[in-house]
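K.L.:
Sequence:
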Amino acid sequence: MLLTALIPWLCTLAVTSEAAPTSTDYDQKPGNASGLSSVIPSGDIYGPSSSLWVNGTTRWSTFSAPTFDLLAIPKDEAEVAEAVQYLSTRNIPFLAQGGGHGYSTTLGVIQHGVLINLENFNHIQFNEGQSVTVGGAVVYRDLIHALHNAGRELTVGSCVCVGSTGAMLGGGHGRLQGKHGLGVDNVIKIRIVLWNGSIVEASEQVNSDLFWAENDGNHYNADMVFTGDSLEGVTNTINSLIPNQDPALAMDFLVFTDSSTLRPVVYLNLIYAGPQSKGQQYADRFASTPASPSNNSKHINRLSINATVVPWSDLNDAAAGGAITASCATGSRQNTYSTNLKALDVATVQSLYDSYSAFIKANPLAAQSVILFEIFGQKAVEAQPDSYSAVPHRGSSNILALLQMVYTDDSVAKAVNDWAHKWRDTLASPRVSGYPQLYTYQNYAHGDEPLGAIYGYDLWRKQRLTAAKRKYDPKDVFNGYHNIPLNGKW
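Residue numbers (mature numbering (1 follows the signal peptide of the UniProt record, and there is no 0)): -19 to -1, 1 to 471.
Think of the hints as simulated: they come from the structure by calculation, not from any bench.
Incorrect hints may appear among the rest.
[What the hints assert, rightly or not] No more than 30 Å apart at the CA atoms, straight line, and that leaves these computed lysine-lysine pairs for BS3-like: (1) Lys470 to Lys456; (2) Lys342 to Lys360; (3) Lys160 to Lys56; (4) Lys395 to Lys360; (5) Lys395 to Lys279; (6) Lys456 to Lys323; (7) Lys170 to Lys342; (8) Lys323 to Lys259; (9) Lys342 to Lys279; (10) Lys259 to Lys170.
Remember, it's a predicted structure, so these values are computed and weren't measured experimentally.
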């Protein structure tokens, strides 16, 4: 996936937009962007004093975020194209935003720019056959419910507030990937605005090089809480399920802080996309098991289990007791590091747990921080060859580990960053990760990783992506998100 690194944004297919606001309140113009009103009606351009500014520009995370002096809300793809062409030719920084959930530090390169908010591109259109057209501003929540009402399902991410197009083109990792593959594996055509304002389509038949570069029922749901001394037993049980993992099985293994006691909580969300009885069998693997005098590695003390059966459309909201959906709140200080793991190294997980507990006690302003391991099925993902799309690391993504740091005051920002950075590097070491190099899922990348960790280390992959970058973004206009250098030196 290159999205803003290579080209501007998946704009839309068939556009049907609502009437745009008519206010003409804009009070700041970055550089020579004042003429932007010639391509977007001035009623759709706003400055910081506008009542629409906060809702139109606030992102999920404020950490190393881009900054803007103007907000533009185009009403159709022609206005998007003209705005992109206008800004590009005048070297005015800009960012096209669908969901506003991206948190990579590379976005911070965009300062005092223009935000092109794609909120009018929120349409979902069902086509003949099994395809659906999705606009650039559709978030997962809206897509999930539309698909469910039509009797369909698709691999989607865990957070319902994330922009669906950006997340899918970044790979589209999700709980149902063991059944349906990555979200991007289901994309058949993309309509895109290029740096010079031209609009092109990309598929396996048309502009196939660009298409390749871009493609980077009821469910059993059980939430379980364990004692801290169950960590080894839970970790070992998870590891036992990873080889030949059932494609319908997905697990989120979390450690978070009880706000009332500042003590860590060991938590597992288990999803089974199939019969309730089969899901219960997997949940039973985590039932309380007494310690053995000869072997404590299987000891589990499960404090509670809350099991429900929910339709696919409600799955994301129900999972983890709704905690993942609750994290959609915008405007927070979020600093996340991530790496891929082959399995959970038991001793390292225990050390991480102990370190996390001590860190939160010393830094209670970071008590909302979470350790998360996503263990989703791989069967359909690995069914595709490694060269299928620009999404790398098929066969090297058994577990996605995230250190999702949330803090309420900048006084602890350095301590938060230092702790998370250190532990990301520890988890990513070959001895712990089980992989020879740092591998990171693009949508979870912090921004300090070598590009090979995000796009793949293979020489052929670098050459192909660089060639696409040179062809479709020769002026390096779209450089705010894990940018691929034109000189090929990465």
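K.L.:
Taking only the CA atoms, is the gap from Lys170 to Lys342 under or equal to 30 Å?
P.N.:
violated (50 Å)
K.L.:
Check whether the Cα positions of Lys470 and Lys456 lie no farther apart than 30 Å.
P.N.:
Holds, because 16 Å separates the two Cα atoms, which is no more than 30 Å.
K.L.:
Taking only the CA atoms, is the gap from Lys395 to Lys279 under or equal to 30 Å?
P.N.:
It is violated: about 38 Å lies between the C-alpha atoms, which goes past 30 Å.
K.L.:
If you draw a straight line from the CA of Lys456 to the CA of Lys323, is it 30 Å or shorter?
P.N.:
violated (39 Å)
K.L.:
Is the straight-line distance between the alpha-carbon of Lys342 and that of Lys279 30 Å or less?
P.N.:
holds (28 Å)
K.L.:
Run the distance test for Lys259 versus Lys170: straight-line Cα separation, threshold 30 Å.
P.N.:
Given that 30 Å is the threshold and the Cα spacing comes to 36 Å, the pair is violated.
K.L.:
Does Lys56 lie within 30 Å of Lys160 when you go C-alpha to C-alpha?
P.N.:
violated (37 Å)
K.L.:
Under the criterion that the straight-line Cα-Cα distance not exceed 30 Å, is the pair Lys342, Lys360 satisfied?
P.N.:
Given pair Lys342, Lys360 is violated - Cα atoms ~40 Å apart, limit 30 Å.
K.L.:
Given the hinted pair Lys395 and Lys360, is their alpha-carbon gap at most 30 Å?
P.N.:
violated (40 Å)
K.L.:
What's the verdict on Lys323 and Lys259, does the C-alpha distance respect the 30 Å limit or exceed it?
P.N.:
holds (25 Å)
The earlier numbered hints that this structure contradicts are 2, 3, 4, 5, 6, 7 and 10.
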